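There are 2 protein chains.
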Amino acid sequence: MQPKDSSHLAALRFAVEYHLTGAEAQAREQARLICIDQTVEASDEVIPPGPIRDEIVGRVESFRRLDAGRYEAVISYAGELMGESGTQFLNVVFGICSLKPGIRVARLRLREALLAGWSGPRFGREGLRQLVGVPDRPLVCGVLKPLGFSPAQLAALAQQFALGGVDVIKEDQGLADHPFCSFTERVARCAEAIANANRETGRTCLYVPHVSGPWALLRERSLFAKRAGAGGVLVCPGLTGFDALRDLARDEAVALPILSHPALLGTFTAHEDSGIAPAVLYGQLPRLCGADATLYPIYGSEYAMSRADCAAIKEETGAPWGRLRPIFPTAAGRIGFDRIAELCAFYGRDVLFVLGSRIQQETDGVVRACQKFVEEVGRCLKL
Amino acid sequence: MQPKDSSHLAALRFAVEYHLTGAEAQAREQARLICIDQTVEASDEVIPPGPIRDEIVGRVESFRRLDAGRYEAVISYAGELMGESGTQFLNVVFGICSLKPGIRVARLRLREALLAGWSGPRFGREGLRQLVGVPDRPLVCGVLKPLGFSPAQLAALAQQFALGGVDVIKEDQGLADHPFCSFTERVARCAEAIANANRETGRTCLYVPHVSGPWALLRERSLFAKRAGAGGVLVCPGLTGFDALRDLARDEAVALPILSHPALLGTFTAHEDSGIAPAVLYGQLPRLCGADATLYPIYGSEYAMSRADCAAIKEETGAPWGRLRPIFPTAAGRIGFDRIAELCAFYGRDVLFVLGSRIQQETDGVVRACQKFVEEVGRCLKL
Numbered sequence: 000m001q002p003k004d005s006s007h008l009a010a011l012r013f014a015v016e017y018h019l020t021g022a023e024a025q026a027r028e029q030a031r032l033i034c035i036d037q038t039v040e041a042s043d044e045v046i047p048p049g050p051i052r053d054e055i056v057g058r059v060e061s062f063r064r065l066d067a068g069r070y071e072a073v074i075s076y077a078g079e080l081m082g083e084s085g086t087q088f089l090n091v092v093f094g095i096c097s098l099k100p101g102i103r104v105a106r107l108r109l110r111e112a113l114l115a116g117w118s119g120p121r122f123g124r125e126g127l128r129q130l131v132g133v134p135d136r137p138l139v140c141g142v143l144k145p146l147g148f149s150p151a152q153l154a155a156l157a158q159q160f161a162l163g164g165v166d167v168i169k170e171d172q173g174l175a176d177h178p179f180c181s182f183t184e185r186v187a188r189c190a191e192a193i194a195n196a197n198r199e200t201g202r203t204c205l206y207v208p209h210v211s212g213p214w215a216l217l218r219e220r221s222l223f224a225k226r227a228g229a230g231g232v233l234v235c236p237g238l239t240g241f242d243a244l245r246d247l248a249r250d251e252a253v254a255l256p257i258l259s260h261p262a263l264l265g266t267f268t269a270h271e272d273s274g275i276a277p278a279v280l281y282g283q284l285p286r287l288c289g290a291d292a293t294l295y296p297i298y299g300s301e302y303a304m305s306r307a308d309c310a311a312i313k314e315e316t317g318a319p320w321g322r323l324r325p326i327f328p329t330a331a332g333r334i335g336f337d338r339i340a341e342l343c344a345f346y347g348r349d350v351l352f353v354l355g356s357r358i359q360q361e362t363d364g365v366v367r368a369c370q371k372f373v374e375e376v377g378r379c380l381k382l
Numbered sequence: 000m001q002p003k004d005s006s007h008l009a010a011l012r013f014a015v016e017y018h019l020t021g022a023e024a025q026a027r028e029q030a031r032l033i034c035i036d037q038t039v040e041a042s043d044e045v046i047p048p049g050p051i052r053d054e055i056v057g058r059v060e061s062f063r064r065l066d067a068g069r070y071e072a073v074i075s076y077a078g079e080l081m082g083e084s085g086t087q088f089l090n091v092v093f094g095i096c097s098l099k100p101g102i103r104v105a106r107l108r109l110r111e112a113l114l115a116g117w118s119g120p121r122f123g124r125e126g127l128r129q130l131v132g133v134p135d136r137p138l139v140c141g142v143l144k145p146l147g148f149s150p151a152q153l154a155a156l157a158q159q160f161a162l163g164g165v166d167v168i169k170e171d172q173g174l175a176d177h178p179f180c181s182f183t184e185r186v187a188r189c190a191e192a193i194a195n196a197n198r199e200t201g202r203t204c205l206y207v208p209h210v211s212g213p214w215a216l217l218r219e220r221s222l223f224a225k226r227a228g229a230g231g232v233l234v235c236p237g238l239t240g241f242d243a244l245r246d247l248a249r250d251e252a253v254a255l256p257i258l259s260h261p262a263l264l265g266t267f268t269a270h271e272d273s274g275i276a277p278a279v280l281y282g283q284l285p286r287l288c289g290a291d292a293t294l295y296p297i298y299g300s301e302y303a304m305s306r307a308d309c310a311a312i313k314e315e316t317g318a319p320w321g322r323l324r325p326i327f328p329t330a331a332g333r334i335g336f337d338r339i340a341e342l343c344a345f346y347g348r349d350v351l352f353v354l355g356s357r358i359q360q361e362t363d364g365v366v367r368a369c370q371k372f373v374e375e376v377g378r379c380l381k382l
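If you read the protein sequences in the order shown, they are chains L and A.
Following numbering that gives the first Met the number 0 from start to finish, the first sequence increments by one per residue and tops out at 382.
Following numbering that gives the first Met the number 0 from start to finish, the second sequence increments by one per residue and tops out at 382.
The hints are simulated quantities; they were obtained by calculation from the structure and are not laboratory data.
Owing to the predicted nature of the structure, the values given are computational and were not obtained by experimental measurement.
We put the beta carbon where it would ideally sit given N, CA and C, even for glycine.
There are no misleading hints in this set.
Example chain A residues on the side facing chain L (calculated, C-beta under 10 Å, incomplete):
id	residue
1	Q37
2	E79
3	G82
4	G85
5	I95
6	G101
7	R103
8	I358
Dumping the calculated BS3-like pairs for lysine-lysine here, alpha-carbon to alpha-carbon at most 30 Å:
id	chain 1	residue 1	chain 2	residue 2
9	A	K381	A	K371
10	A	K313	L	K99
11	L	K99	A	K99
Use the sequences and the hints to build the structure in full.
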């Protein structure tokens, strides 16, 4: 790096808000060390003067008390360190300091000028609405499960969901490629069943299979799904890495909507003094990497998620952010009829409801239960 | 799945030891829910009787009290759910229950019969020792840093490390592909510098560049590194997903030793009541997925890691485990001369010492400091 570049670099810094737990002096020292650990990771005396010390090492932009024993440090990094991959970016944000106690990533601050290499969601809220032909109410998503069902059983269930008028049918993240239910047979059968139902209803319900495995296989599966007629894919970035999401979103041959699933990510939000805040993990990161909808557990369920967390995620999915399209937040986690009114009031029209498994046991049957759920969702928004 | 398969399946189950925090009744209920959440993820009434309920749903094999408010549940899963990818396997182990409070993965129990699709480390301890020609003492690893150095500066440092007699030279995980230090120029120059030094010393010091990015790029970079003369690669599975590690280890075109780095993984070990125990995260998982050496912070440093954690990791890297070769545990995290004797006593001969950045400031110069470090490591083992 040339010293002449300094002013250019300074103009293109990005920042991370960290929450630090401990006494003030400790938190200030922690902030100073984050600047080093997340960049040069070297003892102070080894850092050469000049551009490395001035520009590469992170910079504490502000420091303030949040409450007893908790402080916020906003630390900026040279824009050139951000890179154009989720791997490299997350490494600067939290790679090494995830290993230390008392540090939490609370928010990312990325200005538009830094997002040039990040195209974000291919479809976003409006693109997804156009695909399913639903301009003005929350979307409703059925889930293919349980694991252990044969491809024929899953296809039969998929058909019922589609006849019931849901907008999206996603697979459970547990469905992978098993001896008793191979990926290819399952996807081919479910896609066919949903296409048949769509012809009957005149609607466009999207089939979203779960794609997993290492990147090459994940892409191969996504392309197979597309050829079979799938309308999207479900990806678990906690398992595959966030770059799998980003690459799939940018892949012109795939070019399908992507739903991001929180598998394995829960530990990052488990404690306030460590990890990554839900608004970043389920809001900013999936949107940055190109998910069109982000799944996470809803508040008030058995999962560890508060109402404030969900409000913050909702905010990050929709707030203006350069050219990154707004994406769908979700209401997921054993969602039944009892929570429709409350969650419509909370989210407004831009939310994807994920039906809990109990819909399979409704006395009217799955088709009628889905119809009622969609009607109810539409009705609530008119109130 | 056919009901006839049940006995076959039962013989091939794998198990996970979970630690559960809470009152006994709560922990028992938690164990029951893990069996469901990690497999069928459906309300009890939706789970059909027969093989799905009997074999697919997890099974509590044992339950016992550990101490006040902490219990251990050993839960087994059908072998067919394990699959042959890190993605699918980790999803069964911890995908959904990572989202709930009070659950920690304490140990994996995988019998040899289940490891057929998992070849594990290509080199392991003995293979790595043969490559560097060091049969009987701990290995010593220099680190190329700081981020911000030009390729020429890093190559000069690499040459000094190699002349100083270290066995391995790894790159800092912060080195990616930057405008001021491109991956290709850096790797070509460092590989050349180390090869020159090797000719001078007559030794085989391995150069281990950091490869990152999405999987396709990561593989491309690994192949570039190999062609340039690199002797291994450093991968961060917390950023890339564990399948990147597994695929690289099995890749016949790459066929290089792999060092696994803990970037972003720290949160999983931050609290005893959540996440994944260090022995699993830094011991069992990297070994299963094919790392030849596993990096993690040493106890007694500023990082959150205890002596017991490191002892447990050491145990998992070396314990007999089907055909999976033993791998190197490490002593990393600002390691200087002051900790050689203590850490040799702790680990014995099978450990990789990672030199802290202060070695760059030793008054004798890097070459002499490395020579002294290697000598000291050899001397301690004779005591």
